[in-house]
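Given the sequences, and given the hints that come with them, work out the whole structure.
Residue-level listing of the chains:
Number of protein chains: 2
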Amino acid sequence: MMISKVKNAMSTLVGGMMPHGHHHHNHHSGGGQTCGPDSLPPRFPYGRPDFLDLTPELLQYSTEHASRPVLTLKRDSRLPWRTGYAEVINAGKSMLNEDQASCEKLFVKKPSSKQRNSSLLEDNGDGTGIPLHFWGVYDGHAGSGAAIMASKLLHRLIRDRLGEIFHLLENPTSAPPICLAKNGSPYQADTKKGAAQETEDPDAVNDSSLRFHMEKVVSLESLVMGVIETAFTQMDDLIEKEKMSYAISGGCCALAAIYLMGKLYIANAGDSRAIIIRNNEVIPMTNEFTPESERQRLQYLGFLRPELLGNEFTHIEFPRRIQHSELGKKMLYRDHTMTGWAYKTIVEDDLKFPLIYGEGKKARVMATIGVTRGLGDHDLKVYNSNIYIKPFLSCVPEVKVYNLDENKHGPDDVLVMGTDGLWDVTTDREVADAVSAYLSCCDPSDPMRYTLAAQDLLMRSRGVLKERGWRLPNERLGSGDDITVFVIPLAGQESET
Amino acid sequence: MMISKVKNAMSTLVGGMMPHGHHHHNHHSGGGQTCGPDSLPPRFPYGRPDFLDLTPELLQYSTEHASRPVLTLKRDSRLPWRTGYAEVINAGKSMLNEDQASCEKLFVKKPSSKQRNSSLLEDNGDGTGIPLHFWGVYDGHAGSGAAIMASKLLHRLIRDRLGEIFHLLENPTSAPPICLAKNGSPYQADTKKGAAQETEDPDAVNDSSLRFHMEKVVSLESLVMGVIETAFTQMDDLIEKEKMSYAISGGCCALAAIYLMGKLYIANAGDSRAIIIRNNEVIPMTNEFTPESERQRLQYLGFLRPELLGNEFTHIEFPRRIQHSELGKKMLYRDHTMTGWAYKTIVEDDLKFPLIYGEGKKARVMATIGVTRGLGDHDLKVYNSNIYIKPFLSCVPEVKVYNLDENKHGPDDVLVMGTDGLWDVTTDREVADAVSAYLSCCDPSDPMRYTLAAQDLLMRSRGVLKERGWRLPNERLGSGDDITVFVIPLAGQESET
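Residue numbers (my numbering), protein chains in the order written: chain A, 1 to 497; chain B, 1001 to 1497.
For the record, the hints were derived by calculation from the structure and aren't laboratory data.
No false leads were mixed into what you were given.
Just the calculated beta-carbon pair ranges, DEER-fashion:
| id | chain 1 | residue 1 | chain 2 | residue 2 | range |
| --- | --- | --- | --- | --- | --- |
| 1 | B | Met1214 | A | Pro172 | 50 to 56 Å |
| 2 | B | Arg1468 | A | Ser495 | 56 to 62 Å |
| 3 | A | Arg471 | B | Gly1127 | 57 to 63 Å |
| 4 | A | Lys362 | B | Pro1045 | 53 to 59 Å |
| 5 | B | Asp1237 | A | Arg471 | 52 to 58 Å |
| 6 | B | Val1347 | A | Glu215 | 18 to 24 Å |
| 7 | A | Pro172 | B | Lys1216 | 46 to 52 Å |
| 8 | B | Val1347 | A | Arg429 | 46 to 52 Å |
| 9 | A | Glu215 | B | Glu1307 | 28 to 34 Å |
| 10 | B | Thr1173 | A | Lys361 | 27 to 33 Å |
Here are the simulated lysine-lysine pairs, DSBU-like style, with alpha carbons at most 30 Å apart:
| id | chain 1 | residue 1 | chain 2 | residue 2 |
| --- | --- | --- | --- | --- |
| 11 | A | Lys361 | A | Lys344 |
| 12 | B | Lys1329 | A | Lys110 |
| 13 | B | Lys1344 | A | Lys152 |
The beta carbon of each residue, even a glycine, is placed where N, CA and C say it ideally should be.
Listed below in structure tokens is the structure:
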């Protein structure tokens, strides 16, 4: 539900339905998006996550909007940590489920010269190296190309970037060196020589050597955070690059959980959400990135780089559209510096459309997109214009760390990761209560319990089809969006061994 | 303690000592600051807050660094709400106390045409209008001019801006109109006509009228927030403008508390801090704005507007200075998008000095200033360069609202506002414990109890002069900075009537 309906009206035809390579690509995807010549093959064919192990018949069945079946893991399937998974397609918004997901166990290794070039093609390894668990949910918009590609590659990029600091991960007790020589070994600067140079340099600021020779201590944890951040950026660059050779439609929000060496790193770029439920208490692990939450960052960019607004938009926010007849009157506004509102006299420039407009789920950047972080969208333009949205979008996630090994967890303590379709209709508290209630009634040794809890959660949020649409038990409207959810037991790594 | 010591070495001579108009101005203030020709008179003479009612002898005594007397309200003085106040000068860092404070009761009125031009000269009014209480603490640096001017005028600017929405404040139950006609009366757009126009406009985005004719409801509270934000901006503009005619040295952090119609608005621009202590629990009311907390905003500006870095600085952060011999090696870094750290190969451009450098209280913007929001500093340049710092500083406060009337308060529930000199050595918890302990031993009817609590707080944070400097009871170093503190009883307005 992220691209404006105006544009979505044009984007319901998103590629053919035949899975596994028989994909007809017909990418009239929305938002002025141009996907390159139709002759380009898709980077990856449309499909559902491999771990669902769907037959073509089941895949076809899953897209039947009238029934909106909740798809879950098969009883004989087994994800790492006994992770639970469920998904449901939207109520007719598009033909395909634009959400994607991945759940992988990988191994971080020292890069060999051979791997440097082809590591993305490597599978999840032979069981040697430092184990890495990865869960990702990707909420696509204006096509499923970016979401599918990210679900296939992001975890491998993270693994490979971690491989580059493998020697540091092997020695987790010593702080990472500030500087590395070309061969990768720590490089110690000759501070005495450095100090002398500075004193001789007439331009150097002549402070006590204490301040200017300080070294910030950087933890291994913040190095892993940096790895994850840069891997997201590389994923985004890769989508842009491969669009030269493949049809990779749309963009996607990306939410990833990475377990490495006792810590869980939650990285979020978009409006998906992750919460930890511990003793039935909610610990939020993400913030959402939307036109409302990132308003000031976007306005600041529009203010500093007005050419990005293409003479069509103003960086100033108004509470409604201004009519030409209102020139000279006073209107409430706020700029990039303000949180409150004030009145300003309306001038010609204020008649442009506001860069950020609308409230809540209807808030949009340039009347086009409702999320401000994610991957892809390189071609996304404002409808009927040559104005690109991408400069206003960030592909960098916010990363939060949860020290898994420092906390005790029971079998009902879980991490829930879900796309916005879930959270739009079900609050954190409701999710926690539903999951806790379900799990407490469920045999702790049942390997399906987390999948059943995920399924239960989706049934609640999708609702039941009545005459007036999909309805929740309380008669509120159920989610009309795609929903994808992982329920991950925090004591799960103990079940591995 | 906000301007780098390098520059402070040059700025210890900050004007003469004679108060009340006999001020010799000799503004060799630091940081490459140029205060205009020496012939310019000061905008306001140096002095301590009027409510302290100091004699010239006492003023002289207060600057004797050897004793660092804690100054408080006189026993027969009385501030609104029985507000408590205390201050102490730094331990020799500068001759004068660069902190300032104000505490005023004012009245918001409908502006008359006469007031429009001269209202700043108006005093606090005749008791008619909507009452407004104001407390401000100003922490100056590189001279006391900006702090003094702000302490004299900011509350009047806020009052006058509130006067402009007087008719809205009079009707607090109806939401402020989105649009005002030139005469100030609400203007209702002809939405039917507007909709028709849009449909005819070929360039208009052809969405459902619902989204494009929505009106955001803006609360009166966010209008007051906007008033406060814009008043800070106007205060900053006024300092810039009056520097043409007066010597107004340095800059200042500004922290203000405004009580209006049942709500307390706390506005903070800088590294001062306010906390509410209620039932001995701490409610933080401010965030500090420092090179560390605003790193990404500043790096983003440097990235988008590299010309502001004057070819001397890089927007990338490194954990230490890079030496020329390290070219081609790999160094930890982070840019404006990152929270974690990663390695990058050092190139020529990385040899520039980092825009943000140092840790904690030693963190600086362009090696010069340790706060990133405040008033003044228009002339502040990087030492020995033509690079201005001001574009990186914001004069806009963060405003938080506390609904005073919706909470019950006992006589020991207070708002504590203090400059960073207090919080550098005393934690929120320690302040709360000290104030609560002091007040609980103190007769609730004693009009001096909040001033005595403020005095007690300052004695604890200043410490006692020993051979090795000012020491706290636990032998840690006491604050060497100026300290100013208000202790404001939250049930205080009840004592007014």
